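Engineer: Chains as they are written, first to last, in UniProt numbering: chain S, 1 to 712; chain U, 1 to 712.
Hints in this document: simulated from the structure, not taken from any laboratory.
From a predicted model like this one, the values you see are computed outputs, not experimental measurements.
The beta-carbon is built from N, C-alpha and C at its ideal position, and this holds for glycine as well.
Treat the hints loosely; a few may be bogus.
[To be verified] Derived pair list, reagent style EDC-like, types lysine to aspartate or glutamate, alpha-carbon separation capped at 16 Å:
no.	chain 1	residue 1	chain 2	residue 2
1	U	Lys544	U	Asp702
2	S	Lys622	U	Glu223
3	U	Lys312	U	Glu223
4	U	Lys622	S	Asp623
5	S	Lys544	S	Glu495
6	S	Lys622	S	Asp285
[What the hints assert, rightly or not] Label-pair restraints from in silico Cβ distances:
no.	chain 1	residue 1	chain 2	residue 2	range
7	U	Gly68	S	Ser409	19 to 29 Å
8	U	Gly651	S	Ala503	31 to 41 Å
9	S	Arg641	U	Lys622	15 to 25 Å
10	S	Arg297	U	Asp377	40 to 50 Å
11	S	Ala638	U	Glu221	49 to 59 Å
12	S	Ala503	U	Ala478	56 to 66 Å
13	S	Asp556	U	Gly548	17 to 27 Å
14	U	Thr310	S	Ala473	27 to 37 Å
15	U	Gly317	S	Glu424	53 to 63 Å
In case you want the letters, here they are:
2 protein chains.
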Amino acid sequence: MDALPKADPRTPPPPDALSALLAPRSVAVIGASGDPSRIGGRPIAAMLERGFAGAILPVNPNRAEVQGLPAFPSVGALPLVPDAAIIAVPAGAAEVAVAELAARGTRAAIVFTAGYAEMGPAGAEAQARMVETARAHGMRLLGPNSLGLFNTANGFYGTFSSSLERGYPVAGPIGIASQSGAYGMHLFSMARDHGMGLSCSVTTGNEADLNIGDLIGWMAEDEGTEVIAAYSEGIRDAPRFLAALERARRNRKPVVMMKVGRSAVGRAAARSHTASIAGDDAVTDAVLAEFGVVRARTTEELLDVARLATRKVYPAGNTLGVLTVSGGAGVLISDAAEAAGLPMPPMPEAAQEALRRDLPFCAPQNPVDCTAQVLNDLSLVTRFGGALIRDGGYGSILLFFTHAGGAPSITPRLREALRALRAEHPDRLFVLSVLADPPQIREFEEDGFAVFGDPSRAVAAIHAMGRFGDAFAAAPPAPAPVLLVPALPERTPSEAEAKRILAEAGIGAAPERACASAEEAVAAAGALGFPVVMKILSPDILHKSEIGGVLLDVGDAAAVREGFALLLRRAAEAAPAARIEGVLVARQLSGGVECILGVHRDPVFGPVAMFGLGGIFVEVLKDVAFHRCPFGEDVAEAMIRSIRGAPLLLGARGRPRADIAALARMLSRLSAFAAAAGPRLAGIDLNPVFAMPEGEGAFAADAVIDIAEEAA
Amino acid sequence: MDALPKADPRTPPPPDALSALLAPRSVAVIGASGDPSRIGGRPIAAMLERGFAGAILPVNPNRAEVQGLPAFPSVGALPLVPDAAIIAVPAGAAEVAVAELAARGTRAAIVFTAGYAEMGPAGAEAQARMVETARAHGMRLLGPNSLGLFNTANGFYGTFSSSLERGYPVAGPIGIASQSGAYGMHLFSMARDHGMGLSCSVTTGNEADLNIGDLIGWMAEDEGTEVIAAYSEGIRDAPRFLAALERARRNRKPVVMMKVGRSAVGRAAARSHTASIAGDDAVTDAVLAEFGVVRARTTEELLDVARLATRKVYPAGNTLGVLTVSGGAGVLISDAAEAAGLPMPPMPEAAQEALRRDLPFCAPQNPVDCTAQVLNDLSLVTRFGGALIRDGGYGSILLFFTHAGGAPSITPRLREALRALRAEHPDRLFVLSVLADPPQIREFEEDGFAVFGDPSRAVAAIHAMGRFGDAFAAAPPAPAPVLLVPALPERTPSEAEAKRILAEAGIGAAPERACASAEEAVAAAGALGFPVVMKILSPDILHKSEIGGVLLDVGDAAAVREGFALLLRRAAEAAPAARIEGVLVARQLSGGVECILGVHRDPVFGPVAMFGLGGIFVEVLKDVAFHRCPFGEDVAEAMIRSIRGAPLLLGARGRPRADIAALARMLSRLSAFAAAAGPRLAGIDLNPVFAMPEGEGAFAADAVIDIAEEAA
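So here's chain S without its partners, still in its complex pose (with noise of 0.2 Å):
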């Protein structure tokens, strides 16, 4: 048996809780085994066989030992206060556990315990006293339903995974921070089967206290964790999970995201998993870009992109370059990189000649095939790839040499090319595609090549890292519009009130006019202009086209003069005791495209803008764009000229121009008026808005402005 445990007392403590829970100097371990394989004992191995940098303390009232190491009966006769525990006894004595813990001043710990929330309202309950309690005395928890964590940095391994049954973690840069617990050990296992570094990896289980986001900022700042890939199922608290976001782009973090629930059947099964809010797909999507999260569709894609972002090259506005030894991966590769969206221009025409001088049967345009010649001269290589990046100035470049690349009498000699290749261009993404064993692919690695088996995989990484580029260049965009707090209506008001509410928000509607008399609507009509629209206007009748109270394309005075009197008529016979105050007079406008423009209150990251165009677009298609209110004019554009519908405003086909930068002041002042509005506002609806041709403005010619019942 060893010695009695000790902290160091030079060892400073940690800074903060989150620093307690992943690099504790001291973790207790309340249930302690002296059996490896049971859930109390698995940590302890784990920490012992991994040399563990702190003290641990086995908590056992049954044994005097555990596994080599001094045991104590109770939480109370721990000879120091850890500054982590690991909980690993059954629902209740786990809640006991935690209150004696917090008493003492324990700052965090892993709540492995089952039974919670998961299980149903009672467990539920017991969650919240427990997260109570804890907080109480400040500490936080981790789960409870929790598989753990892990920090390669310290050999902590506060968990029970059967994972590490297969091995232990290379250390390296990679974070995981993981809502999921066994598809957080199925991503560090697959990391560790592909040889990735990683720092550490957190499960969150539960989330009681700690989430994903909370772990993300943690991994922003620490300086072990040089990118971050997560797993979610519903993000809990979105201020939280958006600070961390960009605290990891301001430092120049990567995330890579794989945030699941996309279908029917998905959101379903996410919800009966844990109790998240799955939140509706295109607005996470939206969200997660604004912050340049990469959102990974599958695990391998996941990890691909992690690992290349390892190499910390991010070309902002990224462009590929490709040498390749076929052809035929020639086209596969350029058909990747345009479904992927990531450019591919040719070589200058200069630089194309060059090449052809060199190799005249070679393809110089991009892809560059150099055909297998090189395999018989390496220093093609050299001046084939030189010229890439010197000609071309390709942000990545992506070099294709098949098995060639792992046959043994080419591999040492392409390895020498590579190697002078990248001393030219240290600073340059290079990627190389090639089937190989993986002693020669480590190799190609440290000289500093990405090597990818499947080429397709290696361009969609390859996007990635110019996505990250983006994000970590962007300036800053314009400040949304500063609106005075509107006043709402206590209840869902009627058309006329929601327009002259937007309208003071400077969100315009189709110029119009309330008009008592025929002679009015004569001159109001001349002053709008031809054709115009004309409705009853009475605050007793709301569905006017019901009773044919509304009249479109009413070309000229007498047709007004007629249509106001018709209007008269069919009110007084459909609604004999409604008070008619006159006739509503609207241009009528043409030559428009039709948009809607809304606002819906997500219940994950709150107020959220649409923009789509009308109709069928919107309906059948699902062609819109979202953005978080508020934002600026920049920002609506972008989301105006995102949709694939977009060519109809920009142009398209001899069509005019709309008025788009109108259009986006609407779309601006809009989620400027939702943010100021606050939670009482469920939606707005404007639709349709009409763009005009460009300098002629945009206009709704609908509005509904939805208050929510249950107002906070």
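Following the hints, complete the assembly by docking chain U onto the known chain S.
Structural biologist: Using the frame of chain S, we list chain U on its own:
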């Protein structure tokens, strides 16, 4: 040195030239080298190492012995007529060798030699002469510029690829046919590295004679090949290619294909790589789908599909049932299935109840999440897995056990449970997603479980199995209508003439009448129904709307009379010399959905019909469906239903349902017209076609028939 080579007289000669190419009893190597690293030496070394079942006959004028084999100075000096030959001498000498071999009666030759069509017009001519010489004697050629082939069944290695340096393929059921040599060997190398069994691999190079269609056709009949993996940049001979695909389908052999050249850059690169015609990518998609070919987007996807296909379970009407130890992975799998279009219906309510009784905290819907509890009680695998199959009736079962499946403390018990499950349901498609060491993965595979580390890749491959199953089970489509060969005019006809020609084929325009007087026009309008469209009728005025010669929305008899006079006046002013035949009065269609029906002549696949919604849907969103002509109404209706905007026609959001039957009839007849018209027909555009509400028909408002300038 061995004794003189002998062809076993008891072995029957290969039944055809392709069998001679792939399974020769004897092979001459022209340009044989004693150095196993040289092009002329590699095939010999490989065949010796792999125990080629036939005789190897090196030809080298300077050596009596090559790699231990007796060598012969010339083709003429060979002691027997070889079934096949490998030609590894420079251009020029290669043509001589082809001529000598062909004259002696050799049935097939692999031409490694480069410097032909890929180098320009002179090379193309030499290549054409070489093929002519060979064909004159009935000899077939693979190449030139081919990396060759191998056949694991007989150890025939007619290839000089360096890919063999890292190991030979395992024999198995997958055949590879690739136009690109380097890419074909890339495929082979990845397959080998993943331990996949191969029957043969052929790279067709310049395809001067044999092309991948021929090779797919041969593999479709080859006993050793059960799954075909193909790569092409452009199809050279559509009838041969499609006949081969049909043979494969009839023989229930799945074909998975990479056809590159999707992108603009890709198409340019494809053209520079070989002299291929890339074809329109959407047309290629449609044609491959027609024959049940699964088109892979990445190399890994291609190999995943081929590997899973070797299980030979192809569930028609495929659905996916999922058993998972991780709710998070369950959500991820649901998302992937929805994205792929693979249905995951929920378990029946009663079955869910039963599972809940068995394990209260399970999520029994589908994915069925039996939580990590299954690792403690592996009998759950049999019970829950059995319920998925019996009660859920899913065509495919995916079991997600992540790293736990590879943990030494779990794997043996898991394997036992899985074997029991499969023994009860041996005909089902079982896929296992685990992370394990290669020997453990092999064990699972031997037990009948295909293993994928990444569950998303498993889902994509499972989806492909259902598509194969649907293709194998599909009833033959309805026959296309048989039309007489239409009498096409010499040149592109006028709109009226085009409509008349199409009307004869039963392809209707909106009802219209030519009227010589205002009174005739009034009568016509009354008969057609108001409102009508009026157009000036003159053989000398082609662009009617430019002179104001078209009136829309003519609403009553008085307006028709006025309109008649107005049109004649405008015509007289604008074109005083024009012969005026009167006015065309047409029913003005309203309430219909605008569609586009068209035909164009694809350079590869001949006349191809297109269907799309009008205007922006085709122009901006490219939301169209294609099919080779001709086809029946069932195929036409499937095309109409396949576009994203189809809900517009099917009555989305309270719209009237369009007359789909009439639209399908028109599309099918159009396809029959195009097929009957022959190559002089360059294209047809019916734009717009108004699909009226159900029962009211579909009418072309405009028609263009485009006649090819250089008729064949």
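Engineer: Does each hint hold? Answer for all of them.
Structural biologist: So, going through the hints one by one against the coordinates:
1. Between U:Lys544 and U:Asp702 the alpha-carbon distance is near 13 Å, which keeps this suggested pair within the 16 Å criterion.
2. The hinted pair formed by S:Lys622 and U:Glu223 fails the criterion: a straight-line CA distance of about 49 Å is larger than 16 Å.
3. For the given pair, U:Lys312 sits about 14 Å from U:Glu223 by alpha-carbon distance, which is consistent with the 16 Å threshold.
4. As the CA atoms of U:Lys622 and S:Asp623 are separated by approximately 14 Å, the hinted pair is consistent with the 16 Å bound.
5. Note on S:Lys544 and S:Glu495: the hinted pairing holds, with a Cα-Cα distance of about 11 Å set against a maximum of 16 Å.
6. The straight-line distance between the Cα atoms of S:Lys622 and S:Asp285 is roughly 14 Å, inside the 16 Å bound, and the hint therefore holds.
7. For the hinted restraint 19 to 29 Å between U:Gly68 and S:Ser409, the CB-CB distance of approximately 21 Å keeps it satisfied.
8. A hinted range of 31 to 41 Å holds for the C-beta pair U:Gly651 and S:Ala503, which are about 37 Å apart.
9. Take S:Arg641 and U:Lys622: their Cβ atoms lie about 18 Å apart, and the range 15 to 25 Å holds.
10. Distance hint check: the CB atoms of S:Arg297 and U:Asp377 are about 33 Å apart, inconsistent with the given range 40 to 50 Å.
11. Distance hint check for S:Ala638 and U:Glu221: the Cβ-Cβ separation is about 57 Å, which falls inside the suggested range of 49 to 59 Å.
12. Judged by the Cβ atoms, the range 56 to 66 Å given for S:Ala503 and U:Ala478 holds: they are separated by roughly 59 Å.
13. As the Cβ distance of S:Asp556 to U:Gly548 is approximately 21 Å, the hint placing it in 17 to 27 Å holds.
14. Against the hinted window of 27 to 37 Å, the Cβ-Cβ separation of U:Thr310 and S:Ala473 comes to about 48 Å, which falls outside the hint.
15. A beta carbon spacing of about 58 Å between U:Gly317 and S:Glu424 agrees with the range 53 to 63 Å that was offered as a hint.
Comparing the model with each earlier hint shows violations of hints 2, 10, 14; every other hint is respected.
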